[in-house]
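K.L.:
Sequence:
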Amino acid sequence: MSGVGTMWRIAGAERVRVLRGVGWRIVQSLLGGLLYGVLITLVVDLARGGQVDADRAVQVTVVAAVTLVGQLLASYLAARDSWLASYRVSAHVREWVLEHLLRVPVPTATGRRRGEIQALLTGDMQQIEDFLSEGLPKLGQALGLPVVVVVAAAVYDPVVALVLTGAVLAAIPATVWAGTRTTAAARERTALQAESSARFVDVLTGITVWRVLAAPGRIADILRATALDLRDSSVRMLAKLIPPLMLATAVLMAGVPVLMAVVAGRGTELAVGFLLVAIAVYRPLVAALSVGEQWHVTRAALERLRAVAEIPQLPEPAQPRTPRGVEVRFDGVGYDYPDGTPALRGIDLELPEKGMVAVVGHSGSGKSSLGGLFSRVDDPSIGSVRIGGVDVREIAPGTLAATVTQVFQQTHLVPGTVAENIALGRPDADRADIVDAATRAQLHAAISDLPHGYDTRLGEDGAGLSGGQRQRVAIARALLVDAPVVVLDEPTSALDTRTESEVSEVIAELARGRSVLLIAHRLGTVTRADEIVVLEQGRVIERGTHAQLLSTDGRYRRMWDRVEPAGDPAQRSPAQKSPARNGPRARSPAGTDERSRR
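When we follow the UniProt record's numbering, the leftmost residue of the sequence shown carries the number 1, and every step to the right adds one.
Just so you know, these hints were derived from the structure itself, not from any lab. Take the hints with a grain of salt, since some may be wrong.
Across the chosen pairs, the derived CB separations fall in these ranges [said to hold, decoys possible]:
id : residue 1 : residue 2 : range
1  : G464      : W8        : 43 to 53 Å
2  : P397      : M246      : 18 to 28 Å
3  : Y337      : E316      : 17 to 27 Å
4  : S381      : A402      : 20 to 30 Å
5  : A170      : L84       : 13 to 23 Å
6  : I382      : L98       : 23 to 33 Å
7  : R103      : P342      : 18 to 28 Å
8  : P312      : L84       : 18 to 28 Å
9  : G464      : M246      : 33 to 43 Å
10 : G334      : R306      : 26 to 36 Å
11 : Q319      : V168      : 56 to 66 Å
12 : I382      : R80       : 49 to 59 Å
13 : D430      : I382      : 26 to 36 Å
14 : W8        : E134      : 17 to 27 Å
Cβ coordinates follow ideal geometry from the N, Cα and C atoms, glycine included.
All chains should be built: construct the whole structure from the sequences, respecting the hints.
P.N.:
Set out below in structure tokens:
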């Protein structure tokens, strides 16, 4: 799709308002041209020795007053429609991009650096917004006045009108040349802008690491190189843009001496009047050339927007089915990363209702990829994942979200209150349910100590909470959603030993009475699982209970012998730290309050 087609598509419901804004600019320009035409006829008549009587003076005055008032009104209406349309289009596209990214496979979306998406939603959208609000209306404004003036000139002398038109037509090839030279350079520049944004975001995200490593000089060199690359790209774009634009301007302005020569040869009394003609025609046309430059940069931004829009979404079922139970089955599942690299192959797995299956393996073995298929982070390349006998691809997204919840190794918190973060998966939850979930996650006491309790606003990514508290927020979310299937993706591997031990107790509360897939970093957390699956390079190489796997000289036994967890309380499984999953809950309020503050 061309840049014009993409622009027309994203304008959506605001197309009429966009066109109306351009139309009002054309009206404004036509009224300005009418005023110029009246003045030119008056000047020419005076140059020919005519007289201006009272009626003619009143006529000119009335026309001038009406056209000036009309221009002011048209300018106001044009600005109102153009700016309002650009704001609405910008807001709609930003919202659409975010909604679209939430529906594409997560590995594909996260494969694009945050800085690139940030550049699209900020710099690129600002460029599109500016073109809709200023560039396009300016182009319309540049057309009306010259058309009226040329028509008025043709009334007095068709040759003069022909000279004016010829100069405009002669400038078109240079304008097209500018476009062909600039498009690739503008595309390169916008790509470097995205790279620059990405690097700055990376630096801000990892600023603590850079400080700890005492590497400010190194990162400064990287950012300096990025800035210089962007500068050089901008210079290259200007170097390609300026010569053809200067040529187009020169061709346009060359019409002035040609016009004056024609006028002088046909009667000196026309010189003053048609000097006004030249000014009226060429000034808006020269200004319109800058719109061409703006369009080439805008088109590069539209290309990046189109690239994001072309990422295929996960298909939603036309006729959703409801699972009959919560038993999960993997049948011959294979999964490839977005670049085609195999992640999983030949996975057959069964998670019974209220059972626990643990998945272990070295980093990169495919554990998290397997866990993501439960909640349809992506779809398998081959095979099927079924819940209650229904392929997850046939389950409505809302139903699937209510059936499967996930607790990750890294908890993501959003800017907002503590209560809003806990209720992220159930925004309609009332305060009593939120408090109950926080209490069961051993988080209530810590929240009560915050300045505004549950209404305390958190900084970016949960700034103000400890690592253990952030993980408890994630567990409280899962408790509030109350899904029957829970995927625990190494939820304690990033915590210290003491905090891990405490959070493991909370995880045991979450696991009670639910089907649990436990992706384990520490083997001590899997000993009570109904089945342990050992992954290596995306394939199941061993499976069985803890005792069965220890009785054979396999990979699990060797992994276990290396960690020797027997004497480490942190290596005990959540099930070992709490009553049986279906048994009664027993908590010490005092101990809970103390632990939740960590």
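K.L.:
Determine for every hint whether it applies to the structure shown.
P.N.:
Going through the hints against the structure:
Between G464 and W8 the beta carbons are some 46 Å apart, a value that agrees with the proposed interval 43 to 53 Å. A C-beta distance of roughly 55 Å is found between P397 and M246, which places it outside the suggested range of 18 to 28 Å. At about 23 Å, the beta-carbon gap between Y337 and E316 stays in the expected band of 17 to 27 Å. A beta carbon spacing of about 26 Å between S381 and A402 agrees with the range 20 to 30 Å that was offered as a hint.
About 38 Å separates the C-beta atoms of A170 and L84, a value inconsistent with the hinted range of 13 to 23 Å. Separation of I382 from L98 is about 31 Å and conforms to the stated range, judged on CB atoms against 23 to 33 Å. Between R103 and P342 the beta carbons are some 25 Å apart, a value that agrees with the proposed interval 18 to 28 Å. Remark: the range hint 18 to 28 Å for P312 to L84 is contradicted by a beta-carbon distance near 33 Å.
In this structure the hint that G464 and M246 lie 33 to 43 Å apart at CB is violated, the actual value being about 56 Å. Between G334 and R306 the C-beta distance comes to about 31 Å, which sits within the given range of 26 to 36 Å. Here the CB-CB span from Q319 to V168 is close to 59 Å, well matched to the stated 56 to 66 Å. Look at I382 against R80: about 56 Å separates their beta carbons, and that is inside 49 to 59 Å.
The given range of 26 to 36 Å is broken by D430 and I382, whose C-beta atoms sit roughly 44 Å from each other. Between W8 and E134, the C-beta spacing of about 18 Å keeps the proposed range 17 to 27 Å intact.
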